[in-house]
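Visitor: Sequence:
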Amino acid sequence: MRRLLAVLLLLAATPVPAAELPALALPDLRDGERRDLRSLARGPALVVLFEPRCPWCVRQLRAVDRLTAACPEAIRAVGVGIHGDRPGYRRVLRAAEVELPAVGGSEGLVAAVGGVPATPWTLFVDAEGRVTHRLRGYVRLPDLLPWLAAQGIHCPPLTPGQQGDHPAP
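In case it helps, mature numbering (1 follows the signal peptide of the UniProt record, and there is no 0) puts the sequence shown at residues -18 to -1, 1 to 151.
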């Protein structure tokens, strides 16, 4: 079963022609200050695009937040709210109980990354700041770790508590 899940993850991780993450100043969802998306997602990084009414987005944000807490020197992460408003995005962040930086996205961002057919939609940004892969849907942390290792991102083994998956609200 684990092997099947790993194969499905590899199929879901779509390589894309490398393109730079757009240079956009987006509002921070916690303090409202404008933040440069490229600076927040200085690679390697995972950029999780999420929507207010997406319980799977809560899970993905938690998994990515745990990952970056466990190996902060190896990878960064940022959440980007799309198709909603600041109060809705903030509800998701509170439900997810995450510390990662988060900004409100724009339709320009959605267009620049080639559209977002479903959420969560996670972009992998390499060390040069290029988006090289897109992950569609929720990817559990234990399944994300081997995929990241294949990209050259190595984290120490996580404890079961770090890998835990809490139910979505």
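Among these hints, one or two may not hold up.
What the hints assert, rightly or not - Ranges of calculated distance between the beta carbons of each label pair, as one might list FRET restraints:
no. : residue 1 : residue 2 : range
1   : Gly14     : Gln133    : 16 to 26 Å
2   : Ala109    : Pro37     : 31 to 41 Å
3   : Pro138    : Arg68     : 31 to 41 Å
4   : Pro37     : Pro124    : 15 to 25 Å
Simulated from the structure, these hints should not be mistaken for lab results.
Please read these numbers as outputs of a predicted model, since none were measured by experiment.
Even for Gly, the Cβ is constructed at its ideal location relative to N, Cα and C.
Visitor: Hints first: check each against the structure and report whether it holds.
Guide: Quick rundown of the hints versus the structure:
1. One distance hint, 16 to 26 Å for the beta-carbon pair Gly14 and Gln133, is violated here, with the actual separation near 33 Å.
2. Roughly 32 Å separates the CB atoms of Ala109 and Pro37, a value that falls within the hinted 31 to 41 Å.
3. Between Pro138 and Arg68, the C-beta spacing of about 35 Å keeps the proposed range 31 to 41 Å intact.
4. Distance hint for Pro37 and Pro124: a CB-CB separation of about 19 Å, consistent with the stated range 15 to 25 Å.
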